[in-house]
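Q: Here is how the chains run, residue by residue.
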Amino acid sequence: MSRTDDVYVVGCGMHPFGRDESVTGMDMAERAVREALADAGVSWEDIGYAAGGSDVSGKPDTLVGRLGLTGVPFVNVQNGCATGASTVLTVAAALRAGEASLGLAVGFDKHERGAFHVSAARYGLGDWYAETGMMLTTQFFALKTRRYLYEHGISERALAAVAARAFRNGSHHPLAWRRKALTEREILDSAEVSPPLTQYMFCSPGQGAAALVLARVDRAFDLCERPVRLASLAFRTRRFGSFEVFSPWLPPGPHRSPSVDAAEAAFRTAGVRPADVRVAQLQDTDSGSELVHLAETGLCGHGEQEELLAGGDTEPTGRIPVNTDGGCLAGGEPVGASGLRQFHEVVRQLQGRAPGVQVPDAPRVGFTHVYGAPGISACSVLTV
Amino acid sequence: MTTRLIDDSLFDCVVPPRLAGARCSGCGTVVFPRQDSCPRCPDGSMSGHVLPVRGRVWSWTLQAFPPKPPYRPPAGGHRPYHVGYVDLGELLVEGRLAVPRARIRIGLPVRLAMVPAYHDEDGTEVLTFAFRPDDEEEGER
Numbered sequence: 000m001s002r003t004d005d006v007y008v009v010g011c012g013m014h015p016f017g018r019d020e021s022v023t024g025m026d027m028a029e030r031a032v033r034e035a036l037a038d039a040g041v042s043w044e045d046i047g048y049a050a051g052g053s054d055v056s057g058k059p060d061t062l063v064g065r066l067g068l069t070g071v072p073f074v075n076v077q078n079g080c081a082t083g084a085s086t087v088l089t090v091a092a093a094l095r096a097g098e099a100s101l102g103l104a105v106g107f108d109k110h111e112r113g114a115f116h117v118s119a120a121r122y123g124l125g126d127w128y129a130e131t132g133m134m135l136t137t138q139f140f141a142l143k144t145r146r147y148l149y150e151h152g153i154s155e156r157a158l159a160a161v162a163a164r165a166f167r168n169g170s171h172h173p174l175a176w177r178r179k180a181l182t183e184r185e186i187l188d189s190a191e192v193s194p195p196l197t198q199y200m201f202c203s204p205g206q207g208a209a210a211l212v213l214a215r216v217d218r219a220f221d222l223c224e225r226p227v228r229l230a231s232l233a234f235r236t237r238r239f240g241s242f243e244v245f246s247p248w249l250p251p252g253p254h255r256s257p258s259v260d261a262a263e264a265a266f267r268t269a270g271v272r273p274a275d276v277r278v279a280q281l282q283d284t285d286s287g288s289e290l291v292h293l294a295e296t297g298l299c300g301h302g303e304q305e306e307l308l309a310g311g312d313t314e315p316t317g318r319i320p321v322n323t324d325g326g327c328l329a330g331g332e333p334v335g336a337s338g339l340r341q342f343h344e345v346v347r348q349l350q351g352r353a354p355g356v357q358v359p360d361a362p363r364v365g366f367t368h369v370y371g372a373p374g375i376s377a378c379s380v381l382t383v
Numbered sequence: 000m001t002t003r004l005i006d007d008s009l010f011d012c013v014v015p016p017r018l019a020g021a022r023c024s025g026c027g028t029v030v031f032p033r034q035d036s037c038p039r040c041p042d043g044s045m046s047g048h049v050l051p052v053r054g055r056v057w058s059w060t061l062q063a064f065p066p067k068p069p070y071r072p073p074a075g076g077h078r079p080y081h082v083g084y085v086d087l088g089e090l091l092v093e094g095r096l097a098v099p100r101a102r103i104r105i106g107l108p109v110r111l112a113m114v115p116a117y118h119d120e121d122g123t124e125v126l127t128f129a130f131r132p133d134d135e136e137e138g139e140r
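Protein chains in written order, with numbering that gives the first Met the number 0: chain A, 0 to 383; chain B, 0 to 140.
Extracted from the complex, chain A is given alone in its bound form:
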């Protein structure tokens, strides 16, 4: 079933994630774009609308100087962890509105080493908050995870199971950064960062780029043997009562995340249920986040995660394969590229040409989820 304003992914490209001092953010972006264009069998001159995002590595629209000065409208996006989703949203909306029939979304970043450096003023907070050592995303993830494990009776071992699966998947993925499988014991015994989270339960800021070519339905099937339908894409900001990073105070609860709103909207618009999903990408800046997001997006019930993990349900061969490319844990988190990495992986899985471990039995429904500061989430449903 398709409508005349349906939008499809017809090509994708990705620069390997990780650390490579020899390339800049723009270099990686250019390579991802050229790969996506080649994958779709089109040239830059065919692109009628573009959007790009980067958190720290330059103005995306300057890429036209490398790709070709065609006069194409090119929107720059800076939306934290939802940057990639926002570029797709922008391009898809333009295609639906009839601005163009072919569009391109690109995201890239190259971060310095170590935890993200953030300024208090940028988040509307006084200097005291950062000076007293509370302005760290790692603390937030640990505090949210600690409370979640407590409320739902989940053991810290489940956190290690998430990371072990991520690194196992990453070890088979040619574009991942962390390519060495680790045991749960090694993960639990790694350096304490912010308990209950250890060093190997956190992703690291890194570098990378990813790009998608999108097409209206009237072009999609001519360009691509197996176009992937963007069945929905929902972006939400936080509402009162959500538990977010850099919060000197919180209301007493219950705390409802924007992930819940975005996932509900994405499933509703697509007309599919969470139980239909056969390959999923969940924001896993840390093991705890993935655990929480499994339930917040509706892929399982709160407190069911440990059983799901122990039963292998989130493995590539399981009932709901999660982060089949190793996610942020194995890929690192170049903020501007991370969301488009998710699309890249799900698209390739649905097309039956996963770069790493392929989910068996030709999955038809995929799902992506990002979440980030200061309380934003974007979810999509992709189908073939």
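I should point out that these hints are in silico values taken from the structure, not numbers from a laboratory.
A portion of the hints provided could be inaccurate.
Stated by the list, open to error - No more than 20 Å apart at the CA atoms, straight line, and that leaves these computed lysine to aspartate or glutamate pairs for EDC-like: (1) 67/B / 119/B; (2) 67/B / 26/A; (3) 67/B / 126/A; (4) 67/B / 120/B; (5) 58/A / 38/A; (6) 67/B / 111/A.
Since the structure of chain A is provided, determine the placement of chain B on it from the hints.
A: This is chain B only, laid out in the frame that chain A set:
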């Protein structure tokens, strides 16, 4: 030795320590630090509200590695410290937890205290708020 507060606007009083929040006249939402508009409802006006001093640890973690600037380490350099949210009833407040690892747990009764954060270049001791175990409360249980 001279001392100063890390940010005067956070405090209603120092001896004994009291945090200065604000309360919405429309919906009763209590916020910290003070702000002039309500994050929940469009109608209310915000007025100063002194926060409760006793509560229970709602969640906690440790800051093991030294944060990047503008974090200001204490005299003698960074040592791992606990942070967490404390449930004060009408709101949860995030702060440093001056609680030893052996005692820290969700549900631990704590109360507001002042602790040194760092020293200015001229030697002035800079004070911030923290929560310490509330031994009075702990003893009653």
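Q: All the hints need checking, so say for each whether the structure fits it.
A: Taking the hints in turn, this is what the structure says about them:
1. Proximity of residue 67/B to residue 119/B is assessed by CA-CA distance (about 17 Å); at most 20 Å being required, the pair is judged to hold.
2. A C-alpha spacing of about 29 Å is found between residue 67/B and residue 26/A, which places the hinted pair above 20 Å, so the restraint is violated.
3. A C-alpha spacing of about 13 Å is found between residue 67/B and residue 126/A, which places the hinted pair at or below 20 Å, so the restraint holds.
4. For the given pair, residue 67/B sits about 18 Å from residue 120/B by alpha-carbon distance, which is consistent with the 20 Å threshold.
5. Between the alpha carbons of residue 58/A and residue 38/A the distance comes to roughly 25 Å, so the proposed pair goes past 20 Å and is violated.
6. Under the criterion of a C-alpha separation no larger than 20 Å, the hint pairing residue 67/B with residue 111/A is consistent with the structure, at around 12 Å.
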